[in-house]
Amino acid sequence: MRRTIGDIAAFVTSKNAGPFLLTLDIVFPDKATYERFKALRTLDHVTVAGLYGVMAEDVLKIIEFDPAYAVKITMRRAWSSGAVGESDVYGAQQHVPLMEHVVPWEDA
Amino acid sequence: MTILAPEGMLGYGIPPRSMAEGMKRNPDALAVDAGSTDPGPYYLGAGLPFTNRRAFKRDLGMILEAAHERRIPVLIGSAGGGGGAPHLEWTLDVYREVCRERDYHFRTAVIGAEVDKGWLNQQIARGRTSPLDLDTPLTAAEVDRSARIVAQMGFEPFMRALDMDAEVIIAGRAYDPACIGALPLRAGFDPGLVIHMGKILECGGAAAYPRHGSDSLLGFIEEDAFVVEPPNPDKVCTVASVAAHTLYEKADPYLLHLPGGAIDLARTTFEQLNPRQVRVSGTRFVKAPKYTLKLEGVRRVGYRTLAIAGVRDPILISQLDAYLENIRQRVADTYPDGYRLAFHVYGRDGVMGRLEQVKEIRSHEVGLVIEVVADDPDTSAAVLALARSAGLHVTYPGRKAIAGNLAFPFSPADLKAGEVYEFNIHHLVVVDDPLELFPIEIDET
Chain F
65 MRRTIGDIAA FVTSKNAGPF LLTLDIVFPD KATYERFKAL RTLDHVTVAG
115 LYGVMAEDVL KIIEFDPAYA VKITMRRAWS SGAVGESDVY GAQQHVPLME
165 HVVPWEDA
Chain H
7 MTILAPEGML GYGIPPRSMA EGMKRNPDAL AVDAGSTDPG PYYLGAGLPF
57 TNRRAFKRDL GMILEAAHER RIPVLIGSAG GGGGAPHLEW TLDVYREVCR
107 ERDYHFRTAV IGAEVDKGWL NQQIARGRTS PLDLDTPLTA AEVDRSARIV
157 AQMGFEPFMR ALDMDAEVII AGRAYDPACI GALPLRAGFD PGLVIHMGKI
207 LECGGAAAYP RHGSDSLLGF IEEDAFVVEP PNPDKVCTVA SVAAHTLYEK
257 ADPYLLHLPG GAIDLARTTF EQLNPRQVRV SGTRFVKAPK YTLKLEGVRR
307 VGYRTLAIAG VRDPILISQL DAYLENIRQR VADTYPDGYR LAFHVYGRDG
357 VMGRLEQVKE IRSHEVGLVI EVVADDPDTS AAVLALARSA GLHVTYPGRK
407 AIAGNLAFPF SPADLKAGEV YEFNIHHLVV VDDPLELFPI EIDET
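First to last, the protein sequences are chains F and H.
Residue numbering for the first sequence follows our numbering, beginning at 65 and increasing consecutively.
Residue numbering for the second sequence follows our numbering, beginning at 7 and increasing consecutively.
Just so you know, these hints were derived from the structure itself, not from any lab.
Check each hint, because a few of them may be wrong.
[Stated by the list, open to error] Sample of chain H residues at the chain F side, in silico, Cβ under 7 Å: (1) T8; (2) T43; (3) C105; (4) L253; (5) E255; (6) G267; (7) A268; (8) A272; (9) R360; (10) L361; (11) Q363.
Using N, Cα and C, we set each Cβ at its ideal position, and we do this for glycine too.
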């Protein structure tokens, strides 16, 4: 069985973390789901870079944050927020490639 | 000690019931953040607020009314959004209008946060600046090109203003939690807990579920923990809502940097105290060896003119790139350089730009925003006018709709969007004294 991250998570969001970084949060509904997702080891720098067509070194951090049952990904912005050529000043609609990423997942 | 954050952004709308319920809990201070870089570089550069004056005045009026009745302090950080001198002036103008209309007389502290270019260039020469989230060191040339530079003040200027018996503090650009945490920090509560509470309260009700609309949040700080609760009876704070909020807009949730140090969340615990309250403990403050301030600056890069149009014709949509290139070429025949022309194609990659991985157009219509940025407003308007008319009339292979290629929703089609700015300073500067950049003036009227 395969599921998207959006099927499994409670929230998948994107937002600027300051004008030069974009941060993506995946928040799981409970500890069990979070631990199962972590055990998949499905998100690494190369995978995330592939989802967005960027270089792996532009994916700065992938952090598992146990208190929130969340995984956070921070990427370098290609340009600073609001610079000429901008398409999303707040960075609030950049989550979809991550949300639609398919992972192996057996329904319990 | 109890702090009420009436909302996460001054001017976004305080629900009256939340304010009333919050005041029933007898807060010791009302604290609200009024700024952000989220809306982009324009507002800092142009010296304008990103909130609406009428909405801002309403919210400020509600806060001052509550403070006047209870005689509790009001702390406002990042006044006017950008927190520079004109933003502070705009906020004071609204503030004085409210006070005049209602006959309020507060002892008011006004704290500036704009950075003098000469001073900053001296710091560069002394090697006291460093880049943040980017690799480019700060240069004097970049400082000189900036339209405006502010520094985010820490807790200390607010605490000094409280020492001066200020009843209302209106501060320029500030670290978001500074206005929330100044009173409890001054009272001697643990800095790690105070700062973490400030980080949660600065976004108001955003840390409560259901997460919709601008709303209030209460913070109760104790010796070894703090508790957060939404005054809105229809909302709850859960471990998930509060912990998830700790992630929000941060690059790394375990270590959050601030003027003079960082908070370390490695040992933080979140516990559900009851269905509406969450207790947070274990967050530690780590003092930095040197006290640094975050600098924010923007430079003007030109003037924008734009036009919005739609395309419905499938023959044109099927060869959109060639059509847009043809427009670009026709514009270049008349205006070879000195501007930037961009086409935002909604229905293809208008939202994600270069990050978009869906390459084909799947919809039956597309939206176009034609954008020109040039050094002066006249060139910007002239180039856009030519791009718009070329876009309407250029031909393409197989064209049936010979009367026009674009559907314009508005007349006039060409919209002057004014000055365009870009962030050019996002750096740290070391200071000896946390107060040195932030002059405090007391106003008794």
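We went through each hint and held it up to the structure:
1. T8: 24 Å, violated
2. T43: 5 Å, holds
3. C105: 34 Å, violated
4. L253: 5 Å, holds
5. E255: Holds, about 5 Å.
6. G267: Check failed: Cβ of G267(H) comes no nearer than 18 Å to chain F, outside 7 Å.
7. A268: Status violated, d = 15 Å.
8. A272: Violated: closest Cβ of chain F sits about 10 Å from A272(H), beyond 7 Å.
9. R360: Holds, about 6 Å.
10. L361: Where the cut-off is 7 Å and the nearest Cβ of chain F is about 5 Å from L361(H), the hint holds.
11. Q363: 6 Å, holds
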